[in-house]
Amino acid sequence: MTAAGVAAGGAQAAGVVGDGAQADEVAADQERLDYARAAIEYAYDQGWTDGLPVVPVTRPMVEEFLAQTSRPADEVIAAVPHLNRQCTVEQAAVNAALAGCRPEYFPVVLAAWDALMREKAVVGGGWQSTSGPAPLIVVNGPIRHRLGINCAGGVLGPGFRANATIARSIGLVVRNVFGIRPQELEQATQGLPGRWTLCVGENEEESPWEPLAAEVGLPAGTDAVCATLLRTCEFVDNRHTQNPEELLTDFADTISRTGAAIVPYSSAGLVLGVEHAQLLAANGFTKRDVQQWLYERCVRSHEDLERAGKGLGGWNRAGGAGGRPRIDEYGLHMLPSPEQLMIVVAGARNAAMSMVVRPFGFAGWSRTAVAIESRE
Amino acid sequence: MFSAMIDPTAGPATAAKATALAARKPDLRGSRVGLLANVKRNAEQFLDEVGALLRQEHGVAEVVRRKKMSITDPVPREILDELVAECDVVVVGVGDCGSCSASAVADGLALEAAGVPAAVVCTDAFKVSADAMAALQGSPGYHYVRTAHPVAPLSQPELRERAVAALPEIVATLTTGHPRVAM
Chain A
1 MTAAGVAAGG AQAAGVVGDG AQADEVAADQ ERLDYARAAI EYAYDQGWTD
51 GLPVVPVTRP MVEEFLAQTS RPADEVIAAV PHLNRQCTVE QAAVNAALAG
101 CRPEYFPVVL AAWDALMREK AVVGGGWQST SGPAPLIVVN GPIRHRLGIN
151 CAGGVLGPGF RANATIARSI GLVVRNVFGI RPQELEQATQ GLPGRWTLCV
201 GENEEESPWE PLAAEVGLPA GTDAVCATLL RTCEFVDNRH TQNPEELLTD
251 FADTISRTGA AIVPYSSAGL VLGVEHAQLL AANGFTKRDV QQWLYERCVR
301 SHEDLERAGK GLGGWNRAGG AGGRPRIDEY GLHMLPSPEQ LMIVVAGARN
351 AAMSMVVRPF GFAGWSRTAV AIESRE
Chain B
377 MFSAMIDPTA GPATAAKATA LAARKPDLRG SRVGLLANVK RNAEQFLDEV
427 GALLRQEHGV AEVVRRKKMS ITDPVPREIL DELVAECDVV VVGVGDCGSC
477 SASAVADGLA LEAAGVPAAV VCTDAFKVSA DAMAALQGSP GYHYVRTAHP
527 VAPLSQPELR ERAVAALPEI VATLTTGHPR VAM
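From first to last, the protein sequence lines are chains A and B. Numbering of the first sequence is given in the working numbering, commencing with residue 1 and proceeding in unit increments. Numbering of the second sequence is given in the working numbering, commencing with residue 377 and proceeding in unit increments.
Honestly, the hints are just simulated from the structure, not real lab data.
Distance windows between CB atoms, simulated: (1) A:P193 to B:A511: 23 to 33 Å; (2) B:P452 to A:Q183: 21 to 31 Å; (3) B:P516 to A:E245: 56 to 66 Å; (4) B:A511 to A:G20: 55 to 65 Å; (5) A:P193 to B:A380: 30 to 40 Å; (6) B:A394 to A:E205: 55 to 65 Å; (7) B:A528 to A:T58: 44 to 54 Å.
Part of the chain B face toward chain A, derived, beta carbon under 8 Å: (8) P384; (9) T385; (10) A386; (11) A389; (12) T390; (13) I447; (14) T448; (15) C473; (16) S479; (17) F502; (18) A508; (19) L512.
Beta carbons are placed, not taken as given, at the ideal position from N, Cα and C, and that holds for glycine.
I would like the entire structure built from these sequences, with the hints used as guidance.
What follows is the structure in structure tokens.
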């Protein structure tokens, strides 16, 4: 269409030209759209939004969401006891609708809350933390395809309603139901980009290994959610080697950076690109092997930590009595244990790049998966 | 307008009631002072400096040290009971993070409710969080002592200076010397 044609079309839609009946319909529609816009503005005025527009929620909408679960509307699914706040199934449904979820996403939202509430960092005040951590919600099983949960290209980015709105619904509960708002009870120093957007499907079809939910104990093929809190993602671009140990060495460098050491603790996980995962598997590495390899080698020396002003001086360098379990004569082990290195395979098989992710808190993730309820 | 739109917010699970402050004495002579530290770096060291100064300068007879391991949860019942049984007043601190500042205020109010005057010390960076917790607990405007942020990286001499600077307000908060906010 030419520019003139676009202009003409635009004028028609605005009701400037056309017959009388069409003009009336356009005017009526415009009035309804103005009302919709005013409703969105009203939600802003009430302080209900995370900064982006929300969907106005009505009682029948909430009922549509509640119809997706057998759980009673008044069941408490999450709580912040030290703030005297709790969230019911119904409040989660309202905020899922507000976030833009379709009703059929709601069982995933509930499973995500169940998984998050198994995380010590979540029940221990993580939502208020200066580090402003983001929930990472990993979805396994065929439900990814039924709901359109992206697990391939751009998996950590925007563009997919299910991914974007399921994660956003968590943030809206934190804000609206728990009353934890930025610069008030939430004290994030800088926060992090995409805090309420990290819902990802695992690319099970192209992963060489068992899905995360299966690794932690659910039968393969189960629709399930695993979740934890993250402080950030850091890319590792390695399109340079076919050698698995060289690739792991590259991961180890990022995992071991001193900035992520809150001595005597640190943590890491991997959202592996498909090419990296397949390279490792083709060379005989299981997930467990990758975890063990990195656990053993991700150690930062005392000298490096001291140069960064993070010396472990007070703790016994030699370990043993009076020492700390993660500190030895060489330095600090960056991973608390091999199995605490969460490995998820996600993204497109079009470039050899991966993300190191940084779980928040020192208690480790629960290493459990929550099955997603199905009413079919 | 918008009467059909569902409000997505929720209030406290149970209604919060204002906490009446515990009765104060004119001074701290001969008193037993509790120090309730959290696990944030330098919290115990700061409170120890405060404790030493209270002994030296205000005739405090005894200092009782306690530490709570969760930065977010309220002080455990058994520690609260010990402090109430063994202390005349308690200094709580240091609120130097998002959730521990809020938690310190909640602990101060719990002590007051149990009849023990408390002085909560938070850093100025967490005023909003501490105030929000006081409001959440039904006691908006609850007075706490502020020290400059940060406390975590300070050296021992610097901590001493901080304690010296905060001491008059801590003492005033624990005694009748402070113009307290009405509840």
